[in-house]
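Trainee: Chain residues, written in single-letter form:
There are 2 protein chains.
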Amino acid sequence: MDVSLLGTGLMGSALAHALIRNGARVTVWNRTSAKLAPLAAAGAAVAVSPRSAVDASPVTIVSLLDYDVAQAVLEECGSLTGKIIINTATGSPDEAASFAEWVEGRGARYLDGAIAAYPEDIGTETSAINYSGSQEAWEALSHLLLPLAAQSRFVGTRPGAANVIDAAMAGAFFNVALGAFHEAASYVKAEGVAVSEMRHCLHLWTGKLLELLQEAIDTFESGDYTTDQATLDIYTAAAQSWHQSMLRVGQRASLMAANLENLERACAAGFGDMGIFAQIEVLSTPSETTPS
Amino acid sequence: MDVSLLGTGLMGSALAHALIRNGARVTVWNRTSAKLAPLAAAGAAVAVSPRSAVDASPVTIVSLLDYDVAQAVLEECGSLTGKIIINTATGSPDEAASFAEWVEGRGARYLDGAIAAYPEDIGTETSAINYSGSQEAWEALSHLLLPLAAQSRFVGTRPGAANVIDAAMAGAFFNVALGAFHEAASYVKAEGVAVSEMRHCLHLWTGKLLELLQEAIDTFESGDYTTDQATLDIYTAAAQSWHQSMLRVGQRASLMAANLENLERACAAGFGDMGIFAQIEVLSTPSETTPS
Numbered sequence: 001m002d003v004s005l006l007g008t009g010l011m012g013s014a015l016a017h018a019l020i021r022n023g024a025r026v027t028v029w030n031r032t033s034a035k036l037a038p039l040a041a042a043g044a045a046v047a048v049s050p051r052s053a054v055d056a057s058p059v060t061i062v063s064l065l066d067y068d069v070a071q072a073v074l075e076e077c078g079s080l081t082g083k084i085i086i087n088t089a090t091g092s093p094d095e096a097a098s099f100a101e102w103v104e105g106r107g108a109r110y111l112d113g114a115i116a117a118y119p120e121d122i123g124t125e126t127s128a129i130n131y132s133g134s135q136e137a138w139e140a141l142s143h144l145l146l147p148l149a150a151q152s153r154f155v156g157t158r159p160g161a162a163n164v165i166d167a168a169m170a171g172a173f174f175n176v177a178l179g180a181f182h183e184a185a186s187y188v189k190a191e192g193v194a195v196s197e198m199r200h201c202l203h204l205w206t207g208k209l210l211e212l213l214q215e216a217i218d219t220f221e222s223g224d225y226t227t228d229q230a231t232l233d234i235y236t237a238a239a240q241s242w243h244q245s246m247l248r249v250g251q252r253a254s255l256m257a258a259n260l261e262n263l264e265r266a267c268a269a270g271f272g273d274m275g276i277f278a279q280i281e282v283l284s285t286p287s288e289t290t291p292s
Numbered sequence: 001m002d003v004s005l006l007g008t009g010l011m012g013s014a015l016a017h018a019l020i021r022n023g024a025r026v027t028v029w030n031r032t033s034a035k036l037a038p039l040a041a042a043g044a045a046v047a048v049s050p051r052s053a054v055d056a057s058p059v060t061i062v063s064l065l066d067y068d069v070a071q072a073v074l075e076e077c078g079s080l081t082g083k084i085i086i087n088t089a090t091g092s093p094d095e096a097a098s099f100a101e102w103v104e105g106r107g108a109r110y111l112d113g114a115i116a117a118y119p120e121d122i123g124t125e126t127s128a129i130n131y132s133g134s135q136e137a138w139e140a141l142s143h144l145l146l147p148l149a150a151q152s153r154f155v156g157t158r159p160g161a162a163n164v165i166d167a168a169m170a171g172a173f174f175n176v177a178l179g180a181f182h183e184a185a186s187y188v189k190a191e192g193v194a195v196s197e198m199r200h201c202l203h204l205w206t207g208k209l210l211e212l213l214q215e216a217i218d219t220f221e222s223g224d225y226t227t228d229q230a231t232l233d234i235y236t237a238a239a240q241s242w243h244q245s246m247l248r249v250g251q252r253a254s255l256m257a258a259n260l261e262n263l264e265r266a267c268a269a270g271f272g273d274m275g276i277f278a279q280i281e282v283l284s285t286p287s288e289t290t291p292s
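The listed protein sequences derive, respectively, from chains A and B.
1 is the number of the first residue of the first sequence in the numbering used here; add one for each residue after it.
1 is the number of the first residue of the second sequence in the numbering used here; add one for each residue after it.
None of these hints come from the bench; they were simulated from the model.
Careful: at least some of the hints might be erroneous.
[What the hints assert, rightly or not] Chain A residues, not near chain B, derived (Cβ > 12 Å throughout):
1. Ile20
2. Pro38
3. Ala41
4. Glu76
5. Asp224
[As the list claims (entries may be wrong)] Sample of chain A residues facing chain B (criterion: CB under 7 Å; computed from the structure):
6. Glu75
7. Gln151
8. Val155
9. Gly179
10. His182
11. Ala184
12. Leu204
13. Ile280
14. Ser284
We treat Cβ as the ideally placed atom computed from N, Cα and C, and that holds for glycine.
Given the sequences, and given the hints that come with them, work out the whole structure.
Mentor: As structure tokens, then:
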């Protein structure tokens, strides 16, 4: 299959090399020529302009800084009629929606890709790219796209859906969990305990987290928050105690305070004798909690 | 080996059964007799009072509601001279310190145990109990205690050290990370995307989290925050974008806001071109950040 690729930074190069390894005929373009030599050596054709790159293949993957840069570069390409454009820039759901409208207005089908991987993970079993937008394009191209990241999926026809999952997992979950670990380590240091004592429990706690997140999704889907394990009241009392211990040794404990506030809000809303997953009911602002 | 156990709730019973399976001669006591029958059937001796339980063995494991209840029950036991007392109640580092002082004042050596496991995990490879206090007691008893939870460790001679690690891992990290996942799922719902679309990325993101936490500890130990990956400035810009996306669909995003505040504080303190782990430098209140 013929594929073009605009942008050969770390991620673009990783994508191009993986495509070449999987037998695609790849045309690459980059604003500066510095990173093109290794790709040419690996067998890629080098285009002299974005336009000649897009013209060379039915499918173009865009791996540029953001949506604005992607649009500026594609504007140099004239009509996109009959093409499939895949943009892997990181951005918000709204940016993906605007970009999709713009691309489709120029006659192409659009897939938005949100990459959950570092460049070195591209082409491996432990990477994922979520796609959203044209389901037809996904079905035509999944054989091309799955070898780039084995756990890739099509998550919805709304162009912003992939960015929603990305903001949720990379942002609201992962980045906050990572921040929480920093508050944990700062607390351990302040108590005069060696941070290295946390090392041996990491497998255990991330393993438990995986189990609980799977259980959480089951519970969100069933809506049944009853539990025979610890209730929200019990977790809230524990969080109050953890928060006090952290404050006592001079920690800001901002994440723990926000977490405690979420738990207390759930108890105040009457979920105290339910399981911890019931806290999801109180995380929207009042105007949004009205059943739709 | 002879071991006594005070308290046969879910966790106490799990500990007693695991001890019996490993060949210990176990004496159990509980305030109510309801849960004693299965243990007696498994071969445990049933004591009629806390005093006779403690007298029956050189080592007593206390599995009661909290430190106050543990002390009240041990007060019924007279002298503890020559005994080893292990208390597995959940509590703060300060409570462990006071309790240790009280136990040692009655002539016993003390081990504080913080259980990182559900009762059903006791006796398995994936559970841990952190111990702190008398190193001598740990060395004498590790052959008895390791089969209860294979990943158990002695984490320090300060009696509160096990509770410090517990507050850090179960509280500041795990409970907050779990809360963060709720904010992520609430956001996904508000965007009209099915929460089930998060399921397939859970392995990937918890796996990445394990990798990054290990790297974080290495970095905390070396103090070298330079990076060739994304800098704090870049993470802060991403967090601002995630925060805005969440607010736009009516999310409180309290944890994301606290996380963003931590990241912005780190950038303001001059760590913007360092790696994300540098945020640990700004999590204490000013009076505590003075080098000691």
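Trainee: Holds or violated: is the Cβ of Gly179 of chain A closer than 7 Å to a Cβ in chain B?
Mentor: Where the cut-off is 7 Å and the nearest Cβ of chain B is about 4 Å from Gly179 of chain A, the hint holds.
Trainee: Should the interface hint for Glu75 of chain A be scored as holding, given a Cβ-Cβ cut-off of 7 Å against chain B?
Mentor: Since chain B brings no Cβ nearer than about 23 Å to Glu75 of chain A, farther than 7 Å, the hint is violated.
Trainee: So Pro38 of chain A supposedly isn't at the interface. Is its beta-carbon more than 12 Å from every beta-carbon in chain B?
Mentor: About 18 Å separates Pro38 of chain A from the closest Cβ of chain B, which puts it past 12 Å; holds.
Trainee: Are Ser284 of chain A and chain B close enough, Cβ to Cβ, to be under 7 Å, as the hint says?
Mentor: holds, 5 Å
Trainee: Using the nearest Cβ pair, does Leu204 of chain A come within less than 7 Å of chain B?
Mentor: Holds: closest Cβ of chain B sits about 5 Å from Leu204 of chain A, inside 7 Å.
Trainee: Determine whether the non-interface label on Asp224 of chain A survives the test: each CB of chain B must be over 12 Å from its CB.
Mentor: About 14 Å separates Asp224 of chain A from the closest Cβ of chain B, which puts it past 12 Å; holds.
Trainee: Can we confirm that no CB of chain B comes within 12 Å of the CB of Glu76 of chain A?
Mentor: holds, 26 Å
Trainee: Have a go at the Val155 of chain A hint: is there a Cβ in chain B nearer than 7 Å to its own Cβ?
Mentor: holds, 5 Å
Trainee: Holds or violated: Ile280 of chain A as interface residue toward chain B, Cβ cutoff 7 Å?
Mentor: holds, 5 Å
Trainee: Can you verify the interface hint for Gln151 of chain A: is its Cβ closer than 7 Å to any Cβ in chain B?
Mentor: holds, 6 Å
Trainee: Please check whether His182 of chain A passes as an interface residue: C-beta within 7 Å of a C-beta belonging to chain B.
Mentor: With Cβ-Cβ at 5 Å, under 7 Å, it holds.
Trainee: Does the no-contact call for Ala41 of chain A survive, Cβ to all of chain B over 12 Å?
Mentor: holds, 23 Å
Of the numbered hints given earlier, the model fails hint 6 alone.
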